[in-house]
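J.: Sequence:
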Amino acid sequence: MKPERAWATIDLDLVSENLRNLRDLLPEKKILAVVKADAYGHGSIPISRRLEAEGIDFLGVGTSREALELRGAGISSPVLVLGALVEPELDLLIEEGVSVTVHSPGRIDILQEAARRLDQPMAIHLLIDTGMSRLGVSPEQAAQHARTIDSCSHLRLEGIGTHLPSPWDLNEVARQRALLEGIVRELAAVGIHPPLIHIDASASALQSPAPQANMVRIGGAIYGLSDKLPKADSFRPILTLKSQIVYLRDHPPGQSIGYGGTYTTSRNCRLATIPIGYHDGFPSTLSNRGEVLVRGHRVPVVGRVTMDYTVIDVTEVEGTMVGDEVTLLGCDGSERIDVEEIALWCGIVPYEVTCLLGRRILRHHQTRIADELELEGS
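Every letter in the sequence shown is one number past the one before it in the working numbering, and letter 328, counting from 1, is 328.
To be clear, the hints were calculated from the coordinates, so they are not data collected in a lab.
As the structure is a computational prediction, the values presented were derived from the model and not from experiment.
Ideal Cβ placement from N, Cα and C applies to all residues, glycine included.
Certain hints may be false.
[Claimed, not checked] Label pairs and their computed distance ranges (CB to CB):
1) Arg23 <-> Arg298: 53 to 63 Å
2) His193 <-> Leu170: 47 to 57 Å
3) Thr262 <-> Gly72: 29 to 39 Å
4) Leu135 <-> Gly191: 39 to 49 Å
5) Lys228 <-> Thr262: 41 to 51 Å
[Unchecked claim] Below 30 Å or equal to it, Euclidean Cα-Cα: the simulated DSS-like pairs (lysine-lysine) are:
6) Lys29 <-> Lys231
7) Lys228 <-> Lys29
8) Lys2 <-> Lys228
9) Lys2 <-> Lys231
10) Lys36 <-> Lys228
11) Lys231 <-> Lys30
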């Protein structure tokens, strides 16, 4: 048997390949690689190290703590905090040269005072709410706030951007891009030229990137997370998820399985138990509906997915033994299960599938040169 209950293998060479393909498709754009949420569950430190080695233009994180974790790991690439800031960490962000996003005008004075007190400049990106209705200043007041930032002695307006909530709706995308373009023109008229303008994420950037922007924010394409993206064939999934059979048992017809007896055997069958459950990120919504791969065959999940274990029906797979590998995400022979399929079974978005992976999953970051092991939990 393998020494681990469940493990994810992340291919860092595919990170490099996906980034190269992205650069080929978007040669005129700087690339901000989004590594928030532990790089969508893939491991932010190893992913960021590989991206830095590839000369990434920017790394994007969701929180100030995520930015400081990158700096603490020795990563020196430009980092932008895309999300809301926690004030007690402002001094550290300034000292570490981390760029931050302003979502509301009240933050400008706070940032200026912190940077002035430390006598160190701080790079600011102004987020404009053109339709997401979550964070950001209004388009009508954006130019005024940009001028305020530009006038601050210790703040530098490094960029402006917006967030597209419906990248597949071309009319809505055009409307939002036009709003931002108008603000850029208004600022240019008074001599303010933010070096970075960013609008698009993976879907809209690969579909038709905004001509007025010079940077794109890319997450899903780097991780190969969705086959629904434009030009999806250019981006290969970097993660596979596996477990192993730890228990086998033959059951007669009429045997109820698991909590609540939500599954009852209808024939003589052989069921296997695998040591992965919803705490590990294998969602309980896969109960009685998900599938996994054993010896190149698709087999169904039966009964409820529990916190630590899942039961699967291996009756149709010849020669199954304790210790056999089970593929939950990835390929086995000619069969494949991808994040799109799991997301469909669960009623979630594909990015959630890898973001849900828990601390007990061993993350094995694989490269042709060496392997890095990141063990979180036991």
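J.: Hint by hint, say whether it matches the structure.
T.: Verification of the supplied hints:
1. At roughly 36 Å, the beta carbons of Arg23 and Arg298 sit outside the given window of 53 to 63 Å.
2. Taken as a hint, the range 47 to 57 Å is violated for the pair His193 and Leu170, whose Cβ atoms sit roughly 28 Å apart.
3. Against the hinted window of 29 to 39 Å, the Cβ-Cβ separation of Thr262 and Gly72 comes to about 45 Å, which falls outside the hint.
4. As the Cβ distance of Leu135 to Gly191 is approximately 28 Å, the hint placing it in 39 to 49 Å is violated.
5. Between Lys228 and Thr262 the Cβ separation comes to about 31 Å, which falls outside the hinted range of 41 to 51 Å.
6. A distance of roughly 17 Å separates the Cα atoms of Lys29 and Lys231; the hinted pair therefore holds under the 30 Å criterion.
7. At roughly 22 Å between alpha-carbon atoms, Lys228 and Lys29 fall within 30 Å of each other, so this suggested pair holds.
8. Restraint check: the Cα-Cα separation between Lys2 and Lys228 comes to about 34 Å, which exceeds 30 Å; the hinted pair is violated.
9. Between Lys2 and Lys231, the direct Cα distance comes to roughly 37 Å. Violation of the 30 Å bound is thereby established for this hinted pair.
10. A threshold of 30 Å between alpha carbons decides the hint, and for Lys36 with Lys228 the separation of about 21 Å falls inside it, so the pair holds.
11. Pair hint Lys231 plus Lys30 holds up; C-alpha atoms about 19 Å apart against a cutoff of 30 Å.
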